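Asker: The chain contents come next:
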Amino acid sequence: MSAADQWNLFLDSFLKILIPGLKMTLPLTVVAFAFAIVIAVIVAMIQYAKVPVLTQICRFYIWIIRGTPLMVQLAIGYFGLNSIGIKISAFPAAVLVFSLNEGAYCAETMRGALESVSTGQLEAGYCVGMNYRQIMWHIVLPQAFRTAFPSLGNSLIGMVKDTSLASNITYAEMYMVTKRIAGKTYQFMLLYVEVALIYLLFSTVLTWLQRWGERKLDSYGGSKG
Amino acid sequence: MALLEIKNIKKSFDDLKVLDGVDLTVETGDVIAVLGPSGSGKTTLLRCLNYLETADEGTMIFDGKSYDMAHTSAKEIAEIRKKTGFVFQNYNLFRNKTALENVTIGLMVARHMHKKEAEKIGLEMLERVGMLERKDHYPSMLSGGQQQRVAIARALAANPKIIYFDEPTSALDPELIGEVLGVMRELANEGVTMIVVTHEMEFARNVSNKVIFMEEGKIVEQGSSEEFFRNPKEERTREFLRLEENRTGLIREEKK
Chain A
1 MSAADQWNLF
11 LDSFLKILIP
21 GLKMTLPLTV
31 VAFAFAIVIA
41 VIVAMIQYAK
51 VPVLTQICRF
61 YIWIIRGTPL
71 MVQLAIGYFG
81 LNSIGIKISA
91 FPAAVLVFSL
101 NEGAYCAETM
111 RGALESVSTG
121 QLEAGYCVGM
131 NYRQIMWHIV
141 LPQAFRTAFP
151 SLGNSLIGMV
161 KDTSLASNIT
171 YAEMYMVTKR
181 IAGKTYQFML
191 LYVEVALIYL
201 LFSTVLTWLQ
211 RWGERKLDSY
221 GGSKG
Chain B
226 MALLEIKNIK
236 KSFDDLKVLD
246 GVDLTVETGD
256 VIAVLGPSGS
266 GKTTLLRCLN
276 YLETADEGTM
286 IFDGKSYDMA
296 HTSAKEIAEI
306 RKKTGFVFQN
316 YNLFRNKTAL
326 ENVTIGLMVA
336 RHMHKKEAEK
346 IGLEMLERVG
356 MLERKDHYPS
366 MLSGGQQQRV
376 AIARALAANP
386 KIIYFDEPTS
396 ALDPELIGEV
406 LGVMRELANE
416 GVTMIVVTHE
426 MEFARNVSNK
436 VIFMEEGKIV
446 EQGSSEEFFR
456 NPKEERTREF
466 LRLEENRTGL
476 IREEKK
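As they're listed, the protein sequences go chains A and B. All residue numbers in the first sequence are consecutive under the numbering used here, ending with 225. All residue numbers in the second sequence are consecutive under the numbering used here, ending with 481.
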């Protein structure tokens, strides 16, 4: 293939890869991450408050997730579930597995952030008449989020890249599309570099957003002092 | 009838007896300075009064109601806390809230006051402690003295029957102590009831009307501050006052 043909292939494929990136990779990432944050906050708060029984369940959940490969979790969540008669299509299966997986890691981040908020903040909350729930909601959680924000941002960026694994459970995100084009054209180097560049684009934009968010939060003065 | 009456309060941490049968009576308008060497139980006493620690034993009559301090229900504790203010040694301002929000959040969240009404009170309180200009500043942007003044405004906001001060100037740089003590002196003049755990002898001597001297979880001596400083009865009190005088004397000399 001539250099000009290669260039044309590159241009042709660009949108063919980018569009599934926007239509498949991005929704999976956003939806799964949103669920992951919800799971993380709930799990972290249960552990922070040391709720009996539930704390043990949370620890068990984190132990399972952290001790097994994401790829295997995906296989169980899609092929495994379908094989025992639980009909689930690729997108919900991917959302389920990614949010459970990311939720466990983010829960650890959130727990650390919650524990870094000084007990003086809680005591001051009690002294102005608030109850535990009100203090958590208005004082402790916002401060913990500020502390956890950079790590959570990193987790999100990590997850964009990990969604390429969803191609293994028939979810037609951008890596899968790239593989198909490459298989047809035999231009493996060109196409895999191209998809790498698109992933790089995604994570760069997210890094910008992360920095912007951090600056925004800093201007509220929450972090220092 | 006294505003607050404590009888036989006891508290241990593991094997360590921190409070060993303390009695205390507070009349409305009293400014009581609690003195004593560190480890004497002064701070724990204050924290028990507001249930930041739970006493092992003791009864409390506060604002006409009687409580068993070892078995006070969450509801009763909430009721007591809504009538008291607390000022911490290290301020403990809510770090994610501005000065004004620090003052208003208790009113809005715990007392369900409307924002406008709460802000009106908040601004009033900030003015009272001379912090109105800094109302939109976050704690991280304020000096220790300024943070403590905001904390005092926060404690005042709900118009409490009594305010507890736990070594309010101990974490401050020497040059910032004056502004906080100045605010407290004004509150005393306005008739705010206060219990102040402190090492500031000048404050105890000139602002408070009663002094309590504690050691090893017990009250060694108490009385009107005039009497206490002019004519201390116990040998331990005399020794403590002598040491404190030397200490402040040394500080003064260092300043020269």
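If you're looking for bench data, these hints aren't it; they were derived computationally from the structure. One or more hints might be untrue.
Unchecked claim - Every beta carbon over 10 Å from chain A, so not counted as near; a handful from chain B, in silico:
#1 D240
#2 N275
#3 D281
#4 D288
#5 R306
#6 T309
#7 N315
#8 L318
#9 L348
#10 E352
#11 R379
#12 A380
#13 A413
#14 E459
As the list claims (entries may be wrong) - Using 30 Å as the maximum straight-line C-alpha spacing, the simulated BS3-like pairs for lysine-lysine come out as follows:
#15 K458(B) to K443(B)
#16 K386(B) to K232(B)
#17 K360(B) to K216(A)
#18 K300(B) to K345(B)
#19 K232(B) to K341(B)
#20 K345(B) to K307(B)
#21 K360(B) to K340(B)
#22 K345(B) to K235(B)
#23 K443(B) to K235(B)
#24 K216(A) to K16(A)
#25 K308(B) to K458(B)
#26 K341(B) to K308(B)
#27 K340(B) to K50(A)
#28 K232(B) to K340(B)
#29 K50(A) to K300(B)
#30 K308(B) to K360(B)
#31 K216(A) to K345(B)
#32 K179(A) to K216(A)
#33 K300(B) to K340(B)
#34 K307(B) to K216(A)
#35 K242(B) to K50(A)
#36 K50(A) to K345(B)
#37 K216(A) to K300(B)
#38 K341(B) to K386(B)
Small disclaimer: the values here were computed from a predicted structure and weren't measured. The beta carbon of each residue, even a glycine, is placed where N, CA and C say it ideally should be.
Asker: Indicate, hint by hint, whether the structure satisfies it.
Answerer: Results for each hint:
1. D240: The assertion about D240(B) holds, with a minimum of 23 Å to chain A.
2. N275: violated (6 Å)
3. D281: holds (20 Å)
4. D288: The claim stands: D288(B) keeps its Cβ more than 10 Å from every Cβ of chain A (closest is about 15 Å).
5. R306: violated (5 Å)
6. T309: violated (8 Å)
7. N315: Non-interface label fails for N315(B): nearest chain A Cβ at 6 Å, not farther than 10 Å.
8. L318: violated (7 Å)
9. L348: holds (17 Å)
10. E352: holds (19 Å)
11. R379: Given a closest Cβ separation of 6 Å, the condition is violated.
12. A380: violated (8 Å)
13. A413: Its Cβ never comes within 10 Å of chain A, the nearest being 20 Å, so this holds.
14. E459: About 33 Å separates E459(B) from the closest Cβ of chain A, which puts it past 10 Å; holds.
15. K458(B) to K443(B): holds (16 Å)
16. K386(B) to K232(B): This hinted pair holds, its Cα atoms lying about 19 Å apart.
17. K360(B) to K216(A): holds (20 Å)
18. K300(B) to K345(B): The hint holds at about 28 Å.
19. K232(B) to K341(B): At roughly 41 Å apart (the allowed maximum being 30 Å), K341(B) and K232(B) break the hint.
20. K345(B) to K307(B): Roughly 19 Å between the alpha carbons, so the hint for K345(B) and K307(B) holds.
21. K360(B) to K340(B): Given that 30 Å is the threshold and the Cα spacing comes to 15 Å, the pair holds.
22. K345(B) to K235(B): The hint is violated at about 41 Å.
23. K443(B) to K235(B): holds (10 Å)
24. K216(A) to K16(A): violated (35 Å)
25. K308(B) to K458(B): violated (35 Å)
26. K341(B) to K308(B): holds (22 Å)
27. K340(B) to K50(A): violated (34 Å)
28. K232(B) to K340(B): violated (40 Å)
29. K50(A) to K300(B): holds (22 Å)
30. K308(B) to K360(B): holds (24 Å)
31. K216(A) to K345(B): holds (28 Å)
32. K179(A) to K216(A): violated (39 Å)
33. K300(B) to K340(B): Holds: K300(B) and K340(B) sit about 25 Å apart, inside 30 Å.
34. K307(B) to K216(A): violated (35 Å)
35. K242(B) to K50(A): holds (28 Å)
36. K50(A) to K345(B): violated (39 Å)
37. K216(A) to K300(B): Violated, because 39 Å separates the two Cα atoms, which is more than 30 Å.
38. K341(B) to K386(B): This hinted pair holds, its Cα atoms lying about 24 Å apart.
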